[in-house]
Amino acid sequence: MNLLTKATMVALTLALAACNNPRGGADYQDPMGAGGGIASTALGDPNDPASIAYFNETIGDTVHFTVDSTDLNPEAQTILRTQAAWLARNPGYQILIEGHADERGTREYNVALGARRAARVQQFLVGAGVPANSIRTVSYGKERPIEVCDAPRCWDVNRRAVTVLSR
Amino acid sequence: MTQFSRRPVLGLLAGLALAPRAALAQTPLRIEINEGVIEPVPYAIPDFVAENGAGGQYAAPLAQVIANDLTGTGLLRDIPASAHVGRVSSFDSPVQFADWRAINARALITGAVRVNGRQMTVKFRLFDVVSGQQLGDGLQLDGSTDTWRRMAHRVADQVYMRLTGESGYFDSRVVFIAESGPRDNRRKQVAIMDQDGDGTQFLTDGTALAFAPRFSPSGDRILFTSYETGFPRIYLMDVASRRRQVIGDQPGTMTFAPRFSPDGGSVVYSLSIDGKTDLFLLNLGSGQRWQLTQTDAIDTAPCFSPDGQRVVFESDRSGTSQLYVMGLQGGGATRISQGQGRYSTPVWSPRGDLVAFTKQHNGRFHIGVMRLDGSAERILTASFLDEGPTWSPNGRVIMFTRQEQGADPVLMSVDITGRNLRRVPTPGPASDPSWSPLLP
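Heads up: the protein sequence lines correspond to chains U and X, in order.
Those letters in the first sequence? Residues 238 to 404, per the numbering used here, in order.
Those letters in the second sequence? Residues 209 to 648, per the numbering used here, in order.
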């Protein structure tokens, strides 16, 4: 495979991952490497309660945090319990928890803070019955904000952990 | 000083030693840079004399690069050629000091260039116009025409050293992150350029997010963090060949924030597992690894002391990010930051006497310096977001990332006196600078 083809495939992977989960980071690749590095996951009908689309939108794939915190507020705990229940009904997924920070910190600290948030969500899901060996975590620090207004209303949205599913 | 001041000399024909001088009637020109200067010292640098036709195309650019370096320090101010009264038509003709005094020049730099094929010879002299004395001996540099800008930077380093008594920083490079694309899906490539912003080249292709490149103490290798596998990993790259390898990798963890030891043989970095981030040390030769900290806190942004015996880092073990110093022989970590606010990204100065840092306080970000015991804290900058200081090879200047509200990030530099805040030119948005040592 020449370099150009490889680069194109990587770009395609990123595009697919981004479509799969608009609130997640864009660099996720299937950790299993299935399909020659391209993660291909059917999203299904959002009206189908067993679809990833339903998980992402109706269950809710994202929880938010306050500044510098990893605390899960009642709303976040409800979302994660619902995620765990859905995953129990729909087993077999690989789960990636992405931890993110807002842009009001230094780069390295924010990577570590995102790791802490992702781990907090992982612990909660495992506590709610999700198999530990099905979950991986990654931190994007402040590298992948979803709102970029340089003001608190955007930072509130960007401090998040996203549960990304793939087969 | 340590190896940071080591300065092999390339293509040098004349010696560096200062010519012995008889006692002068006047004190020779000397710029004291400890407190910075309020009024830059005026000097003249006429276009270099082309000693053959092929040298002609370099005569003006050489003088321009040197003037840009020297005037950029804020210590000196070049008098524009349009104001010059005197002319230098031959490198070895006696200098008509009255012509240069007439325009209030305190220093004069004369030079000449000759090109034969791809070989080029650059000569220069530095004069104290007021006393009419030459400062140091004339110097000749020989090299390839490809290195003409480096030869100009070498001349500027010599002039800086002769006027300030300290080594220069112009013949050096910077690795940084070149940014492009929308901020919610940023393309971030490792790039390298000369310290004056010239000659940017990309070292990674941008398909994977990369950040925080760091130079090795000899300037031939870099470390950076990349999401090439989807997870942050540390990469070691040979700058000349662009060959790279993953180091410190451990499945199920994230590794980032690497820096070289002063001998270049080890790397200190952060590893996150189960939400805990600790410091590790990896010997690049043996592959042996040591865990330096073991807490539930975030321990990150480690940086070696110039003697390689200690590490300064940031930790939120007290509740907020603060700076700590620990010896590599154990004995625990001592908190050094004492002021209000959060402190992060500490970087030990090449002289070993100061730490530069990022400070976050009351919603603003600052670059500052403090002594190793936390005393004499001096805040140098303030903006919406300043972060990630890196030292010039001589420890006089700090480069960092600035992002104003709603704007793209840029590279800035500032003297450790707090003076001479200026933008470092880059082709596009840029962040995470790391300054090389003086080039060999």
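Just so you know, the hints here were simulated from the structure itself, not pulled from any lab data.
As the structure is a computational prediction, the values presented were derived from the model and not from experiment.
Certain hints may be false.
Quick list of simulated restraints, FRET-style, between CB atoms [stated by the list, open to error]:
1. U:T315 with X:D471: 41 to 47 Å
2. U:N310 with X:G473: 31 to 37 Å
3. U:N327 with X:G407: 51 to 57 Å
4. X:G473 with U:P389: 43 to 49 Å
5. X:D392 with U:R326: 30 to 36 Å
6. X:G472 with U:N327: 48 to 54 Å
7. X:G407 with U:V304: 53 to 59 Å
8. X:T279 with U:N310: 27 to 33 Å
9. U:S277 with X:Q327: 56 to 62 Å
10. U:V304 with X:R627: 31 to 37 Å
11. X:G407 with U:T315: 54 to 60 Å
12. U:D282 with X:G407: 49 to 55 Å
13. U:R326 with X:G527: 36 to 42 Å
Listed next, the stretches of chain X that the computed footprint assigns to chain U, with coverage defined by at least 3 CB atoms under 8 Å from CB atoms of chain U [stated by the list, open to error]:
14. 440-451
15. 536-542
Derived, one-sided and incomplete: chain U residues facing chain X with beta-carbon distance under 7 Å [said to hold, decoys possible]:
16. V348
17. A349
18. A352
19. V363
20. A369
21. E380
A virtual CB, placed ideally from N, CA and C, is assigned to each residue, including glycine.
If you take the shortest Cβ to Cβ gap from A369 of chain U to chain X, is it below 7 Å? For A369 of chain U, the interface hint is violated, since the closest Cβ of chain X sits about 11 Å away, which is over 7 Å.
Outcome for the supplied range 56 to 62 Å, where the beta carbon pair is S277 of chain U and Q327 of chain X: Distance hint for S277 of chain U, Q327 of chain X holds at roughly 58 Å.
Hint check: 7 Å Cβ-Cβ cutoff, A352 of chain U to chain X: holds (4 Å)
Range agreement (Cβ of N327 of chain U with Cβ of G472 of chain X, hint 48 to 54 Å): holds (51 Å)
Pairwise beta carbon distance, T315 of chain U to D471 of chain X, judged against the given window 41 to 47 Å: violated (54 Å)
Between the beta carbons of R326 of chain U and G527 of chain X, is the distance compatible with 36 to 42 Å? For G527 of chain X against R326 of chain U, whose Cβ atoms are near 41 Å apart, the range 36 to 42 Å holds.
Kindly confirm whether 30 to 36 Å is satisfied by the beta carbon distance between D392 of chain X and R326 of chain U. holds (32 Å)
Is 43 to 49 Å respected by the C-beta to C-beta distance linking G473 of chain X and P389 of chain U? The hint (43 to 49 Å, Cβ to Cβ) holds, given that G473 of chain X and P389 of chain U are roughly 45 Å apart.
Using 7 Å as the Cβ threshold, decide whether V348 of chain U counts as touching chain X. Given a least distance of 5 Å, the restraint on V348 of chain U holds.
I want to verify a distance hint. Is the separation of the beta carbons of G407 of chain X and T315 of chain U within 54 to 60 Å? Check passed, 55 Å falls within 54 to 60 Å.
So the hint says 53 to 59 Å: do the beta-carbon atoms of G407 of chain X and V304 of chain U match that? Given a distance of about 41 Å, which is not inside 53 to 59 Å, the answer is violated.
Okay, T279 of chain X versus N310 of chain U on CB: inside 27 to 33 Å? Given a distance of about 55 Å, which is not inside 27 to 33 Å, the answer is violated.
In this structure, the earlier hints numbered 1, 2, 7, 8, 14, 15, 19 and 20 are contradicted, and the remaining ones agree with it.
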